[in-house]
Amino acid sequence: MNFEFSADQMQLKDIARKFLEKEETVKRARTILEGEESYDKDLWSQVAEMGFTATAIPEEYGGLGLGYLELCVIAEELGRSLAPTPFSSSVYLATESILQFGSDSLKQANLPSLASGEKIGAFAHTESTTSPTEENITCEFKDGSLNGSKIAVTDGDVADFFIVSAKSGSEVGLFLVESSADGVEIASQPTLDPSRSHAAITFKNAKAEALDSGWSNITTLLDRAAVLFSFEQLGGAEACMNMAKEYAMGRYAFGRSIASFQAIKHKLADMFIAVELARSNCYYGAWALSTDAPELPTAAATCRVSASQAYHECSKENIQTHGGMGFTWEFDCHLYYRRCRQLAANIGSQSIWKDKLISSLERANQI
Amino acid sequence: MDFNDTPEEAKFRKEAYEWLKANASLKEGPKDGWRAASEEEGLKEVKVWQKKLHEEGWACMHWPKAYGGRESTPIERVIWGQEVSKFKVPGGYLEIGQGMAGPVMMMYATEEQKERYLPPLATGEEIWCQLFSEPAAGSDVAGIKTKAELEGDTWTINGQKVWTSGAHFSDYGILVTRSDPSAPKHKGLTFFFVDMKSPGIEVKPIKQISGGANFNEVYFTDVKIPDSQRLGAVGDGWKVSLTTLMNERLAVGDASGPDFEEAFSLARGQDLNGKLAIENDAVREKLADWYCQQSGLKYAKYRNISALSRGETPGPQSSITKIVSGNKLQEVANFGLDILDSAGIIRTDEEGAEQSMYQYGFYGAAGIRIAGGTDEILKNIISEQVLGMPQDMRADKGIPFNEIPTGNK
Ligand SMILES: Cc1cc2nc3c(=O)[nH]c(=O)nc-3n(C[C@H](O)[C@H](O)[C@H](O)COP(=O)(O)OP(=O)(O)OC[C@H]3O[C@@H](n4cnc5c(N)ncnc54)[C@H](O)[C@@H]3O)c2cc1C
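The listed protein sequences derive, respectively, from chains A and B. Everything in the first sequence is counted per the working numbering, starting at 1 for the first residue and increasing by one. Everything in the second sequence is counted per the working numbering, starting at 1 for the first residue and increasing by one.
Since no wrong hints were added, every one of them can be taken at face value.
Now the stretches of chain B that chain A is said to cover, found in silico as 3 or more residues with beta-carbon under 8 Å:
1) 286 to 295
2) 300 to 312
As a list, the in silico EDC-like pairs of lysine to aspartate or glutamate whose alpha-carbon atoms are at most 20 Å apart:
3) B:K298 - A:E4
4) A:K119 - A:E59
5) B:K286 - A:D355
6) B:K44 - B:E125
7) B:K298 - A:E295
8) B:K275 - A:E362
9) B:K301 - B:E83
10) B:K301 - A:E295
11) B:K86 - B:E76
12) B:K52 - B:E125
13) A:K13 - B:D2
To be clear about the criterion: a stretch of chain B counts as covered by chain A if any three or more of its residues have a C-beta under 8 Å from a C-beta of chain A, and this derived list gives those stretches:
14) 3 to 10
15) 376 to 384
In case anyone wonders, no lab produced these hints; they're calculated from the structure. Because the structure is a prediction, the values reported are computed rather than measured. No residue lacks a Cβ here, since even glycine has one placed at the ideal position from N, Cα and C.
In isolation and in its complexed conformation, chain A is listed as follows (with noise of 0.2 Å):
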């Protein structure tokens, strides 16, 4: 059993989390939140020379034809440097849809512009307050054309394409629109992360190329995005462990440093153990989904509930550990405070996913 990162991705990581120290990203993330900017272009465009952008994309396709394994590295130093860049939705989402899902002829003709990040694509699944089952999607594709609309879209006021879901026939799949497209309609909506940008799309007669349909597609496509945005909100949960130990370090009150105080001493346990656990679920889901397991349902859900429960541990408790300085826009726990909550919200709530935990394990009837 070798259960770790081999030394070159190790060594990738590595890499990964210099370069994005050195472009400050944290400082990036604030100038996104407090601009008009929807993203940071200079830093996309850096991340997409690094190669990180075609990373999992296989060299026919314009991509450096490397693995999951490598993509998981990545996303765990871009979510631990709050990098606002349209990444999770391009990579994680509109990328793998088209590499697991599309014809040839959409692989040809998105897969090299994506891997050079000269595109952006973003997914387009939510309809309400209510999250999109196979049921309630109203989106519609008849006839070679897309009707209905999205909320919530992350990077959708900046994506080139959409993956959107919708229902054809009697079956929902997903399709791809060009943001270009007549019929295309983009609002930005406000979000509670302002350094990543959101919007409402809606879709009157637009031209749309239909992927492999099926819902099971939709699933899988959120499994597999799963174990990438866990690794991102482990990285996050990490850094604000790391901040807020950091911070009681150095503050002073009752004439000692408030890391020697055993209720900020536990507090920076539990977070510990938060992390340690999610960790540890989040390489179980890069075993799975780097090796096609049939256990990725099980190990994407497992690894989403244990990240999206550290970083909430660690963000919530960052902004406590800092005091009234944490709860001042000058500081930065509420940058990843916002973002936890984002990447929370970004593919399904913790209930869902716990419930798609519970649901994997009695099909599999692993007990």
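On the provided structure of chain A, position chain B with the ligand as indicated by the hints.
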């Protein structure tokens, strides 16, 4: 990243499985497991089983062959653990000896002593206990008072130990004492091993919340120990104890008792308000939490093993095992009883009855969260030793031990 065995590992796994298959019976489901009719019967069965393990080379597997082991790699130990968990085999009684006393003897005893005492630990012939805690020193174990005085080359021990698991059936014990009460707390301790049949040792069982009595008070009245049974230098007892405590946390590990699998299978068969419990969303959420905790611990362990097999020191992951599994057990046990509604309160000792497993966990978890370092002490250790945060302010630092207030006031 893979879970696949290397060809050598696969060969070893097959060998282990086949040996077990020939010598034990497979568990028939999640609820199936070995259970002894009484403590006495259990001890007998464990000794028989351990003897067999030893004879065929499966005892204390990572120990040197000269002391009864097979010099296995860490991976082989894990594979053995995985395979053995599929079978109904006797267990317990030997952990303190093999997991704590063995390693400390290996480190500090003379060659002659190792040859004498280690093999009977491996064969299960001799049982050891851990004589650390005292009425006024549990978490603060360096605060023990049991006195050791040297005359010639014989020590005389006077004092009291408490919560000593298995003292009533143990042959030997590892013992920490105070040899210099005027030195600061951590400086005046000396460590020994002691024959539990020595004159002057009196063992009195303590009734536990479960009604059973696995742990004891142990009184020492002018007990003589030859200086040759001292482990480590005079005054170095704290250092020796720490070796043991580190091994204890590894040995305690997972809390045993009903876990996710049991709760899951219970929920799938049990009615709750007219529907199967598994269809209840609150139940599903709890199950998911336990699954994630269990899975996190499992893969944390795999990360540890991977580090070991590459010859690296494992990370601090293992420090979370006891806290997470102890608390999980307490919650799972509570769930298992709660789901039986008002009937969950009825005590049953009936063999194989669903409740009895949860009732055992209900009592057991409360003890696991205390034994071998309480949750709070473990969190101190994580924050100080893993995260590098400052130690608690101590009121007793540098003060001669006999001037420090201790115990219940
Ligand atoms: C089932 C069982 C088996 C045992 N077997 C053995 C054995 O074989 N050999 C042996 O030597 N001992 C054994 N013990 C004893 C065990 O190690 C001690 O009970 C344990 O270390 C706690 O010590 P205490 O009971 O004195 O409680 P205390 O130390 O008095 O603790 C009481 C409470 O105070 C808290 N507390 C104490 N200090 C701190 C601190 N610094 N910060 C925060 N909170 C603190 C504790 O966490 C706990 O909640 C066993 C105990 C149990 C329950």
